[in-house]
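Peer 1: Take the sequences, apply the hints, and build the full model.
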Amino acid sequence: MTAGAVTLGTTTAQGMAASEKTPTQFALGGSGFGSRGEGGDVPAGTDTTAYQVIGCNNRAGLNRENHLEDTTVPGLGTMHNITTTVWTTTSGGTVASNSRNSIEQLTIGDPSAGALELHAVRSDSRAFHDGSGYHSTTVTHVGSLTFTPPGGEPQVLDLPTPDQPVTVPGLATIAIGDARELHDGDGAKASANAVDITVLATGSRFRIAHSAAQIGEGVRSGLFRGYSSSSRNRGLDDNVTTGRTSYLLMPCQGTGGDLRRKSIAHSSPRSDIEIRNAASREWGTQNATTASGFEQGSISRIAIGSDLLVKAIVGRVNVKRVGDKVIRSIDGTTIGTIIANGEPQTFPDTDVLEIPGVARLERNIVKKTPNGMSVISLRITLLDGTGAVLNLGLARLEILDSGN
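Number 89 in the UniProt record's numbering belongs to position 89 of the sequence shown; there are no gaps in the numbering.
Think of the hints as simulated: they come from the structure by calculation, not from any bench. A few of these clues could be false.
Subject to a maximum C-alpha distance of 25 angstroms in a straight line, what follows is the list of computed DSS-like cross-link-like pairs (lysine-lysine) [stated by the list, open to error]: (1) K21 x K189; (2) K320 x K262; (3) K320 x K367; (4) K367 x K325; (5) K368 x K320; (6) K325 x K21; (7) K367 x K311; (8) K262 x K189; (9) K311 x K262; (10) K325 x K368.
If you anchor each label on the Cβ, the simulated ranges turn out as follows [claimed, not checked]: (11) T381 x P74: 31 to 39 angstroms; (12) I365 x S263: 18 to 26 angstroms; (13) R261 x T173: 37 to 45 angstroms; (14) T22 x T381: 45 to 53 angstroms; (15) H80 x G387: 39 to 47 angstroms; (16) R64 x N404: 17 to 25 angstroms; (17) F347 x I264: 22 to 30 angstroms.
We put the beta carbon where it would ideally sit given N, CA and C, even for glycine.
Peer 2: Shown next, in the form of structure tokens:
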């Protein structure tokens, strides 16, 4: 291929101009970023650049942008004018979620020692529904690729093709990024990376100019936001936090009446802590007038050495929306047996139980919101001098008015 622009995909993302914010029957979302690095010797600080997102919602007419004038990406190089735009539209019976990331210039290396430059890098993703159903499209573009050898003049290189990457010895391999266009009778997803770069000195891989968009059906009376998890901890083994275990994230249209599950039979967040049967469950459904669902995180037992044993920990949130009325509860939230130093224990009326020298236990930590609530069934703060905290049986659910 000769030098010049390369464009891949089907049709460019359309409808950059957002309309007035209009509720739709579709679940919409989109995101994008300039770069993300992984593998090899990727140093700290290579998280997404110019990241922007439209979270799960059903409104057309949203338009969000993030822009960086100049930034240095550790392990990669410098980037100039990175812009991410995500937007949703409705026009002429077509509802769409759109995402675009563009980079004016990416420089790998130092011009005095040899540098590689990419210009006009862009990706577009679009997921939409029209009179014939769901569709998804992606487009990627690279304007030009130049190499400046040490003390030499810039040289225009051939652009990579889908089956032929470009390698500049000592610097990087530039490949066309991957693109995915998925759609069926229930929805559509589109995502693309304009280029995929491997830095030869470190073996690190960077995805450049990423865009993603999605649309799905099923938003009628409510918009779901929630999750469930068996545990989330901090201060264990010098970790600031550990992620949510057996984590489930509620789709914004609910689960369509299906019960979703995730479980882990055994985990040991620290050598003296054993968790058994960590599980999460979620369910959500809606019709034209009512939306309801639940989130539930549970653990069958947790043992902290031989000092403390707690069984049957369940955190559950139930929410129902009928019009403007929201009904919420933590019915089903329970804690079973507590044994400390071989002796059964019960919670006092304060819902706080302290085992001297072992742990402080708090139950039913609840936070209410206008559209739902959250609960932590049991929080255990260890009294061994570490300050470690275990949050067990987590659930959160809100159901917002869809506006339909």
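Peer 1: Hints first: check each against the structure and report whether it holds.
Peer 2: Do the hints match the structure? See the list:
Taken as a hint, the K21 and K189 pair is honoured in the structure, with Cα atoms around 22 angstroms apart against an allowance of 25 angstroms. With a C-alpha separation of about 23 angstroms, the suggested pair K320 and K262 falls inside the 25 angstroms cut-off, and the hint holds. Our distance criterion of 25 angstroms between C-alpha atoms is met by K320 and K367, whose separation comes to about 17 angstroms. The suggested pairing of K367 with K325 holds, with an alpha-carbon distance near 18 angstroms, which does not exceed 25 angstroms.
With a C-alpha separation of about 14 angstroms, the suggested pair K368 and K320 falls inside the 25 angstroms cut-off, and the hint holds. For the hint pairing K325 with K21, the CA-to-CA distance comes to about 23 angstroms; that is within 25 angstroms, so the pair holds. Taking the CA atoms of K367 and K311, the gap is near 24 angstroms; set against the 25 angstroms cutoff, the hint holds. Between the alpha carbons of K262 and K189 the distance comes to roughly 23 angstroms, so the proposed pair stays at or under 25 angstroms and holds.
For the proposed pair K311 and K262, the alpha carbon gap of about 19 angstroms is at most 25 angstroms, so the pair holds. A distance of roughly 14 angstroms separates the Cα atoms of K325 and K368; the hinted pair therefore holds under the 25 angstroms criterion. For T381 and P74, the hinted distance range of 31 to 39 angstroms is satisfied, since their beta carbons lie about 37 angstroms from each other. Remark: the range hint 18 to 26 angstroms for I365 to S263 is upheld by a beta-carbon distance near 23 angstroms.
Taking 37 to 45 angstroms as the suggested C-beta distance range, the pair R261 and T173 conforms, at roughly 42 angstroms. Taken as a hint, the range 45 to 53 angstroms holds for the pair T22 and T381, whose Cβ atoms sit roughly 47 angstroms apart. The hinted window of 39 to 47 angstroms between H80 and G387 holds, with their beta carbons roughly 44 angstroms apart. For the pair R64 and N404, the supplied restraint of 17 to 25 angstroms holds, since their beta-carbon distance comes to about 22 angstroms.
For F347 and I264, the hinted distance range of 22 to 30 angstroms is satisfied, since their beta carbons lie about 27 angstroms from each other.
Checked against the numbered hints listed earlier, the structure breaks none of them; every hint is satisfied.
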